[in-house]
Amino acid sequence: MGNTRSAEPLSGPQPDPADDDNTLTEQTKPSGAPNQSHLRIVHSANQRHVPPAAMLPPDRRQAPDRPPAMLDRTVQVQIGRLLRDVFADVAAEPVPERFVTLLAQLETKEKLR
Amino acid sequence: MSSVSGPVKDAMLGLVPNLRAFAVSLCGNIERADDLVQETLLKAWNNIDDFQEGTNLRAWLFTILRNTYFSDCRRRRREVEDRDGARAADLSVHPEQPGHLDMQDFRKALDALPPDQREALVLVGAAGFSYEEAADISGCAVGTIKSRVNRARSKLTELLSVSPPHEYGPDAATEAIISRTARGGSY
Numbered sequence: 374m375g376n377t378r379s380a381e382p383l384s385g386p387q388p389d390p391a392d393d394d395n396t397l398t399e400q401t402k403p404s405g406a407p408n409q410s411h412l413r414i415v416h417s418a419n420q421r422h423v424p425p426a427a428m429l430p431p432d433r434r435q436a437p438d439r440p441p442a443m444l445d446r447t448v449q450v451q452i453g454r455l456l457r458d459v460f461a462d463v464a465a466e467p468v469p470e471r472f473v474t475l476l477a478q479l480e481t482k483e484k485l486r
Numbered sequence: 052m053s054s055v056s057g058p059v060k061d062a063m064l065g066l067v068p069n070l071r072a073f074a075v076s077l078c079g080n081i082e083r084a085d086d087l088v089q090e091t092l093l094k095a096w097n098n099i100d101d102f103q104e105g106t107n108l109r110a111w112l113f114t115i116l117r118n119t120y121f122s123d124c125r126r127r128r129r130e131v132e133d134r135d136g137a138r139a140a141d142l143s144v145h146p147e148q149p150g151h152l153d154m155q156d157f158r159k160a161l162d163a164l165p166p167d168q169r170e171a172l173v174l175v176g177a178a179g180f181s182y183e184e185a186a187d188i189s190g191c192a193v194g195t196i197k198s199r200v201n202r203a204r205s206k207l208t209e210l211l212s213v214s215p216p217h218e219y220g221p222d223a224a225t226e227a228i229i230s231r232t233a234r235g236g237s238y
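Those sequence lines, one after another, are chains U and P. Here the first sequence is numbered in our numbering, starting from 374 and rising by one per residue. Here the second sequence is numbered in our numbering, starting from 52 and rising by one per residue.
If we strip away everything but chain U, and leave its shape as in the complex, we get (with noise of 0.2 Å):
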């Protein structure tokens, strides 16, 4: 069959998850997908890779040379992409004005002693 994609199992010695992540991130080139955090489980139909198993009809999802779903590549690129994002949209925010408070209170009572 063409499917091209080799799952490497997830028990075991195995290269560095997050080394993977990175990895795949450069391979993998969305089709203009418009918004990076969603986890377009769909949207891995526009690529060359065939859709993960829990997409297929229960008859194809028994395909031998077809990985478990639990392992695709593509979902674990997607679910990296969403920590990272869950990530980012906390850590983008200023700082609330109670941390410059104690801080600088911090610092004051410090410098007084």
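These aren't lab readings, by the way, just hints derived from the structure by calculation. Predicted model only: the values in this text are computed from it and were never measured. Take these hints with a grain of salt, some might be off.
[What the hints assert, rightly or not] Some residues of chain P that are not near chain U, with every Cβ distance over 12 Å (derived):
#1 Q103
#2 T114
#3 T119
#4 Y120
#5 P165
#6 D167
#7 T195
[What the hints assert, rightly or not] Computed footprint of chain U on chain P, listed as stretches where at least three residues anywhere in the stretch have a Cβ under 8 Å from a Cβ of chain U:
#8 64 to 73
#9 90 to 102
#10 198 to 209
Beta carbons are placed, not taken as given, at the ideal position from N, Cα and C, and that holds for glycine.
With the hints as your guide, set chain P onto chain U.
The following block gives chain P in isolation, referenced to the frame of chain U:
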């Protein structure tokens, strides 16, 4: 101490956004997260002599924060039980729009993970720490971090499965997507 307080203050201030992001991932709400960050900054300031200059201040602050969170959790035992793996077992995040998951759905799924798995995944996959740094922050072995990350990813993949609960079956829109996808059509 007063001679280094300026740079230390600036460095801590600069790290507050990151600390807030990590705190939110740990406890799930911004109010409690900010209280955790406040406590962390106070502890760090009062124990600054324990910090070795030239080492990773960010990792040190993250360590204080997560220790504060987990000891806080032990005091709030009921809240921890609400958020541990037992709840994750029967939670599946079914997206409101078929085939489409957004950050809110993902946050829910993340919150459903056991705390140690969520922590490991966020440290390595979101906060950008190495496995070794994450192991130091969490106070465990590198192998433990790796297995927590793997289990977290497996669990997330399971929770984020686009297939709706089997007792309902796919709705009409999902069916259309499935059949169009199977034929290799574009969506």
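* Hey, does T114/P actually stay past 12 Å from chain U on C-beta? -> 18 Å, holds
* Are there three or more residues in the region 198 to 209 of chain P whose C-beta lies closer than 8 Å to some C-beta of chain U? -> Since 7 is at least three, the answer is holds.
* Asked: Y120/P clear of chain U by more than 12 Å, beta carbon to beta carbon?
  -> At roughly 15 Å from the nearest Cβ of chain U, Y120/P sits farther out than 12 Å, so the non-interface label holds.
* Asked: Looking at Q103/P again, its CB stays over 12 Å from all of chain U?
  -> 19 Å, holds
* Does the no-contact call for T119/P survive, Cβ to all of chain U over 12 Å? -> At about 15 Å from chain U, T119/P clears the 12 Å cut-off, so the statement holds.
* Asked: Holds or violated: is the Cβ of D167/P farther than 12 Å from all Cβ atoms of chain U?
  -> Holds: least Cβ distance 16 Å, greater than 12 Å.
* **Coverage criterion applied to the region 90 to 102 of chain P (partner chain U; beta-carbon cut 8 Å; 3 residues)** => That given contact holds, which follows from 3 residues of the region 90 to 102 of chain P lying within Cβ reach (below 8 Å) of chain U.
* **Outcome, coverage of the region 64 to 73 of chain P by chain U - at least 3 residues whose beta-carbon is closer than 8 Å to one in that chain** => holds (count 7)
* Least C-beta distance between P165/P and chain U, which was stated to exceed 12 Å -> The claim stands: P165/P keeps its Cβ more than 12 Å from every Cβ of chain U (closest is about 16 Å).
* Please settle this one: T195/P was flagged as non-interface, so is its CB more than 12 Å from every CB on chain U? => 14 Å, holds
The structure shown violates none of the earlier numbered hints.
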